[in-house]
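Enquirer: Chain by chain, the residues run as shown.
There are 2 protein chains.
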Amino acid sequence: LGSTSFDVARAAGVSQPTVSRALRDDPNVAAETRERVHRVARELGYVTSERGRSLSTRSTQRVAMVVDLDNPLWSLLVRGLHNSLARVGLRLSLVAGRGDQHALEAQLLGGGIDGVIMSTVTLASNVPKELDERGVPLVLLNRYTESRAVDASVADDYGGGELAGRVLLEAGHRRLGAVFGPEDTSTGRGRAAGFRAALDAAGITLPDAWTWTGPFDYAHGRTAVLDLFDRRDRPTALFCANDVIAIGVIDEARRLGLSIPEDLAVVGFDDLEEAAWASFDLTTVRVPFGPMLDTAVRLLVERMSGKRGKGEAVVHPVSIAERSSHLLGSTPSPRPSRSEPAITKKRA
Amino acid sequence: LGSTSFDVARAAGVSQPTVSRALRDDPNVAAETRERVHRVARELGYVTSERGRSLSTRSTQRVAMVVDLDNPLWSLLVRGLHNSLARVGLRLSLVAGRGDQHALEAQLLGGGIDGVIMSTVTLASNVPKELDERGVPLVLLNRYTESRAVDASVADDYGGGELAGRVLLEAGHRRLGAVFGPEDTSTGRGRAAGFRAALDAAGITLPDAWTWTGPFDYAHGRTAVLDLFDRRDRPTALFCANDVIAIGVIDEARRLGLSIPEDLAVVGFDDLEEAAWASFDLTTVRVPFGPMLDTAVRLLVERMSGKRGKGEAVVHPVSIAERSSHLLGSTPSPRPSRSEPAITKKRA
Chain H
166 LGSTSFDVAR AAGVSQPTVS RALRDDPNVA AETRERVHRV ARELGYVTSE RGRSLSTRST
226 QRVAMVVDLD NPLWSLLVRG LHNSLARVGL RLSLVAGRGD QHALEAQLLG GGIDGVIMST
286 VTLASNVPKE LDERGVPLVL LNRYTESRAV DASVADDYGG GELAGRVLLE AGHRRLGAVF
346 GPEDTSTGRG RAAGFRAALD AAGITLPDAW TWTGPFDYAH GRTAVLDLFD RRDRPTALFC
406 ANDVIAIGVI DEARRLGLSI PEDLAVVGFD DLEEAAWASF DLTTVRVPFG PMLDTAVRLL
466 VERMSGKRGK GEAVVHPVSI AERSSHLLGS TPSPRPSRSE PAITKKRA
Chain G
166 LGSTSFDVAR AAGVSQPTVS RALRDDPNVA AETRERVHRV ARELGYVTSE RGRSLSTRST
226 QRVAMVVDLD NPLWSLLVRG LHNSLARVGL RLSLVAGRGD QHALEAQLLG GGIDGVIMST
286 VTLASNVPKE LDERGVPLVL LNRYTESRAV DASVADDYGG GELAGRVLLE AGHRRLGAVF
346 GPEDTSTGRG RAAGFRAALD AAGITLPDAW TWTGPFDYAH GRTAVLDLFD RRDRPTALFC
406 ANDVIAIGVI DEARRLGLSI PEDLAVVGFD DLEEAAWASF DLTTVRVPFG PMLDTAVRLL
466 VERMSGKRGK GEAVVHPVSI AERSSHLLGS TPSPRPSRSE PAITKKRA
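Chains as they are written, first to last, in my numbering: chain H, 166 to 513; chain G, 166 to 513.
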């Protein structure tokens, strides 16, 4: 609805470049023309970019978001973060968190960055410690590191793993497998530990032959299913450490002619948009990314304005988005007993 | 493989904060300690972030990428662009291209931006003109604008629309519909025009009742199928102006109990990663995003170094990724004639 420099030019009877120069008070433009252009701009409510610039340099600082561009989750995090930052007048720079640690540090320390949100750390990463030592405001998002108490906004990965286990057990599954994430991330490790705990509590064994550990990606899910397909003995359900792995599992299962959930039930983790698509209808652990992102931004803003002392990890509770992919077999009523050789009562 | 400040601290027998201070030549650190820390750092090959900083400020400039965060294509563009920019020592800032034009201009002009790549323009947008007038190096990516000859790196949208029409005609479809993109974008308009031209050339009518025009999103595809579902008369195939619309179409069709491609064939546009998933197996027009992004970066770098004169649009050729979603019915051999009331020979 605002006017453009074109409107101002037309109303003032000058060219568009002259409008720009006049509004910058360029002495090459006649004083009388400058005054006319300024007046017309005011009358038309034209906000010059020069005014925008001074407003923005007063209020705007730049935050670097470190992401793993190979994990589809990054786009969801960046989209949400852009909006959370915009609400508090911060801008977003994007930094890919691959490559070596020193290159990453140099990029984050090398000018123009007022704070860092990092979603790619491994448990053993030194980068948070190094940034902290150099006084760079930093918040970890989604994953945390063991090395030091920096601020972090994460989900209850352990609790989510437990929920995933329980929803499969309640559906009647007793022969369970799992496609876990990387052991060197807090998300990979926490989700696996929670899932194992839920099975333990129910006295169900998780056979090593039915677990896979690997990256949080589509290919990892496909590989697990390919590996499983040739076995005589198969689980009725797989817990997947994130939705991207789960989609890889579903996709490869379909390629091999298996039906979901009749031949193989699947539970994911994250609740990406894709999980709700009818083609997947994926039951999954819902991570509250909105509140997680808002918390990360709040912690960062407090840290940037010197209002925080010791680091703190804020852990957000998760829930289950129950769809159809976790169901047992194709029968609507629970099947009480079929041959279940893998069940072992471990606890009384 | 590089050493950390921790390694230097241990080898020099000082604390980590002391290492940082010593390498900054902080006078609060004893001269002898400073020398020892510098020597150990050299011996261990420790690259300080201070050195990283000076290297990076010499060679690095910041490019703003304007994207529409509601269109899933943005993540593909940004991921590719980040890598293309990194190869030439440029950094990426992310700017959401919604909101009003003046806010956007203020953000792009307000400090710290050395060039702009814009993927969100509508045909009538004034923003490219305004940036150009203010001397901000700019390249349009994926979409172009009518208003002025600025540099652009785009795909052959018209040719792609034609290809999509032809692949459906060659599969034997004669009853065709289309879920088009927005009329005010070059991609929406070009793809529609090409598709219409292919049908025209074959003497096939595209009934208005079987065309929908709307945003490039999942919901637009779903809505079209819902609208179609109640009709007595339906097309055997739908051309969708991008893959996200196509996935919405497939998903809603499945929700309604239709099989793809038996009950409804679908062709998309873009060739996103999801198109190749077994759950979709989507035949689609392949846009060469890699070369498009590389061209955009090349044009921008030339523009930033003052090496370019008049604006130029580089149009990249497209191809078809032929999978199974476009096939006619479930029979492997072509069905020569079933009742086809919508066919009209328009040309001899």
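None of these hints come from the bench; they were simulated from the model. Among these hints, one or two may not hold up.
Identical chains blur together in the list; that is why a pair holds if it fits in one copy or across any two.
Calculated pairs, DMTMM-like style, for lysine to aspartate or glutamate (alpha carbon to alpha carbon, straight line, at most 25 angstroms) [said to hold, decoys possible]:
#1 K472 / E487
#2 K475 / D446
#3 K294 / D172
#4 K294 / D191
#5 K294 / D446
#6 K294 / D365
#7 K294 / D190
#8 K294 / D428
#9 K475 / D395
#10 K294 / E208
#11 K475 / D279
#12 K475 / D235
#13 K475 / E427
#14 K294 / E200
#15 K472 / E438
Enquirer: Are there hints from earlier that the structure breaks, and if so, what are their numbers?
Expert: 1, 2, 5, 6, 8, 9, 12, 13, 15
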